[in-house]
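Asks: Please put together the full structure from these sequences, using the hints given.
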Amino acid sequence: MPPILSIKNLHKEFFSRGNRVIAVDDMSLEIEDGEFITIVGPSGCGKSTLLNCIIGLVHPTSGTITYKDKKLHGINTDIGYVPQSDYLYAWRTLINNVAFPLEMRGVDQKTRHEKARELIQRVGLAGFEDHYPHELSGGMRQRANIIRTLIYDPEVILMDEPFGPLDAQTRIILQDQLLKLWREARKTVIFITHDLVEAIALADRVVVMTSRPGKLRSVTEVDIPRPRDVFTIHSKEEFRQTYDQLWQELREEVQRSEDWMKNGSAS
Amino acid sequence: MVDMIDKEASGDKGADEAIQTTHEASGRVRIPKLGEILLTIPLPGVPQLWRGDYLIGSLLLFLTAAGYMMCSVTGMFFHAIAFVDISISRTGRFIKNQKLRMFVYRASFAGGFLAMWELSAWEIGPKQWLCVDPFWFGSPLRVMSYMVEITLSGSVFVDTWTTMYEAFLGYILGAALGIALGFILARLETLAEILDPFIVAVNGIPRVAMAPILIIWFGIGVESKIVLAVSLVLFLTFMNTYSGLRGVDPNLKNLAQVMGANEMQVLWKVTLPAAMPWILTGLKIGVPFAIIGAILGEFMAASKGLGFMIQHTSNLFNIAGSFAGLILLMFIVLIANTAVNWLERYLLRWRPKQQAAGEGGATEVY
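Going line by line, the protein sequences match chains A and B.
Residues in the first sequence are numbered from 0 upward in steps of one, following numbering that gives the first Met the number 0.
Residues in the second sequence are numbered from 0 upward in steps of one, following numbering that gives the first Met the number 0.
In case anyone wonders, no lab produced these hints; they're calculated from the structure.
Here the structure is a predicted model, which means the values were calculated and not measured.
Accuracy of the hints is not assured; some may be wrong.
Unchecked claim - As a list, the in silico DSS-like pairs of lysine-lysine whose alpha-carbon atoms are at most 30 Å apart:
(1) K7(A) with K70(A)
(2) K186(A) with K114(A)
(3) K7(A) with K186(A)
(4) K186(A) with K67(A)
(5) K179(A) with K114(A)
(6) K252(B) with K109(A)
(7) K186(A) with K268(B)
(8) K186(A) with K235(A)
(9) K268(B) with K114(A)
(10) K186(A) with K252(B)
(11) K214(A) with K7(A)
(12) K252(B) with K67(A)
(13) K70(A) with K252(B)
(14) K69(A) with K214(A)
(15) K214(A) with K186(A)
(16) K252(B) with K69(A)
(17) K235(A) with K179(A)
(18) K69(A) with K186(A)
(19) K252(B) with K268(B)
(20) K252(B) with K7(A)
(21) K268(B) with K109(A)
(22) K179(A) with K67(A)
(23) K252(B) with K114(A)
(24) K179(A) with K109(A)
(25) K109(A) with K186(A)
Replies: Below you can see the structure in the form of structure tokens.
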């Protein structure tokens with residue numbers, strides 16, 4: 000089966016205060032249909048730029064991204080995007096936020112509300128349909144943020160540290176819910192995170208990126224059978240091995256990134 | 000008191016004249032009494048208003064006003080006055096309904112103020128020594144009787160309607176143009192940048208200075224007043240709409256596009272509601288300015304309208320008449336503000352309560 004998404008020699012640079020900054024450098028990656036990929040790397044290594052290139056919000060300087068054998072031009076609405084902080088629309092109630100993508104596609108109110116209500120129920124937000132975002136907790140908003148992307152059934156879902164701002168307990172619960180949703184829907188997911196535990200617990204393959212400029216350092220298969228239990232996965236032997244190996248790699252990159260920042264500020 | 004009686008005896012003249020008269024009559028220098036000296040001190044401001052005859056009345060009025068202000072404004076800061084505040088709130092305890100209680104407090108505040116004003120205008124005593132001269136300050140009853148007079152003659156309806164008509168039309172036109180211009184320039188970035196200094200400069204022209212030309216261009220009818228109101232409201236709504244639209248988080252728009260919105264949908268479903276708080280702030284600030292525009296035009300040249308009425312009555316030294324005009328204006332602004340507040344509460348019902356209240360307080364300063 001051909002990969003659903005393939006990135007070839009992706010290169011993105013931009014100018015910031017007259018300095019050329021390379022965000023992503025010569026990145027190549029093939030993503031299979033239905034795969035769960037997590038990307039880890041030191042902060043500022045161009046992970047978010049990579050995602051923005053994939054959805055089409057940012058044009059790569061060179062290199063190509065092919066989606067289902069078609070070269071990407073502009074925004075690809077087959078790809079869903081869950082941003083880091085929940086950009087829920089403050090003037091819409093929960094149900095209208097979740098139903099937003101369907102509304103944009105001209106689905107009538109009854110159908111889209113039915114679908115939204117079903118998803119809201121599934122993530123345990125039933126009863127909050129008519130609440131405005133400011134009346135919801137951070138965890139609730141993040142759940143809404145995710146199901147808003149699921150509702151229109153995109154083939155590929157990109158997630159940019161969706162659980163970053165949440166507390167540890169809420170994170171684990173949401174990871175668990177995400178895995179369940181993924182198992183049912185069988186979407187392709189590209190998931191960016193800072194948290195190595197999260198990366199391993201969720202992924203089929205973990206991609207480690209180098210510090211600036213962001214290159215592909217390694218791709219590691221995670222051999223932990225599914226369905227996984229995110230609450231107990233840390234105690235598994237396979238998990239520990241993968242964790243140690245990846246941490247070794249990541250630590251070097253984080254160290255390099257630290258040095259780079261020190262030198263950068265010194266010069 | 001003795002000074003006062005002394006002064007009474009010396010006839011109908013002012014206090015300083017009284018001293019001189021004493022000198023001439025007796026032929027020798029008499030040391031004036033303390034009261035007499037005090038009465039000759041010219042007080043700053045408008046001397047006639049505060050001179051001897053009305054000293055006590057003025058003092059009473061001043062003390063009442065000061066007392067009211069101390070109670071309401073500084074009450075929060077001074078412990079002793081906080082005690083007064085607590086006492087006030089305890090007096091009303093028997094009224095269980097909180098809204099009703101607040102209404103009673105406010106009604107008694109207004110009633111007390113009006114009563115003091117009225118009483119201080121009464122001519123009590125042998126001469127007017129306990130009053131402020133109603134010639135300068137009017138009095139609530141005089142204002143009321145003038146209101147009745149103009150109601151019976153029907154002129155109040157013409158004047159009020161004219162001003163409301165000018166302000167309303169000016170407001171609607173100015174707001175529509177301002178919002179439209181805001182939308183257009185928020186879209187055309189280069190044009191906006193070119194026009195920026197000109198817009199700031201034109202907006203910097205004081206409208207009073209523009210009024211004479213506008214009267215020449217548009218005549219002394221309602222048109223010139225509408226244009227003045229438009230010129231004030233337009234910039235306010237334009238600036239707010241423009242910066243509101245420009246300030247919308249681009250992530251919100253990008254995300255909508257990723258979720259499948261086309262450009263029109265992004266504009267109507269994301270950009271507009273996201274900028275709505277700013278647009279509404281512009282609309283709220285614009286309300287009193289529409290009325291300022293109308294009144295300003297009427298001051299310049301007009302044959303009807305509340306501005307005309309206020310100027311006309313004050314030219315005739317009919318202070319009560321001017322106060323009647325001011326009170327009518329006050330009510331118009333109150334009603335218009337209430338209407339816009341309703342609109343805001345409806346359109347921004349999604350906002351946290353506290354935030355909405357804070358913004359409302361800030362704009363009411365205008």
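Asks: Hint by hint, note whether the structure agrees.
Replies: Hints and how they fare:
no.	hint	in the structure
1	K7(A) with K70(A)	holds, 11 Å
2	K186(A) with K114(A)	holds, 18 Å
3	K7(A) with K186(A)	holds, 22 Å
4	K186(A) with K67(A)	holds, 14 Å
5	K179(A) with K114(A)	holds, 18 Å
6	K252(B) with K109(A)	holds, 25 Å
7	K186(A) with K268(B)	holds, 28 Å
8	K186(A) with K235(A)	holds, 26 Å
9	K268(B) with K114(A)	holds, 20 Å
10	K186(A) with K252(B)	holds, 25 Å
11	K214(A) with K7(A)	holds, 12 Å
12	K252(B) with K67(A)	holds, 26 Å
13	K70(A) with K252(B)	holds, 24 Å
14	K69(A) with K214(A)	holds, 24 Å
15	K214(A) with K186(A)	holds, 25 Å
16	K252(B) with K69(A)	holds, 25 Å
17	K235(A) with K179(A)	holds, 20 Å
18	K69(A) with K186(A)	holds, 19 Å
19	K252(B) with K268(B)	holds, 9 Å
20	K252(B) with K7(A)	holds, 28 Å
21	K268(B) with K109(A)	holds, 19 Å
22	K179(A) with K67(A)	holds, 26 Å
23	K252(B) with K114(A)	holds, 24 Å
24	K179(A) with K109(A)	holds, 26 Å
25	K109(A) with K186(A)	holds, 26 Å
Every hint, counting from the list given before, is met by this structure.
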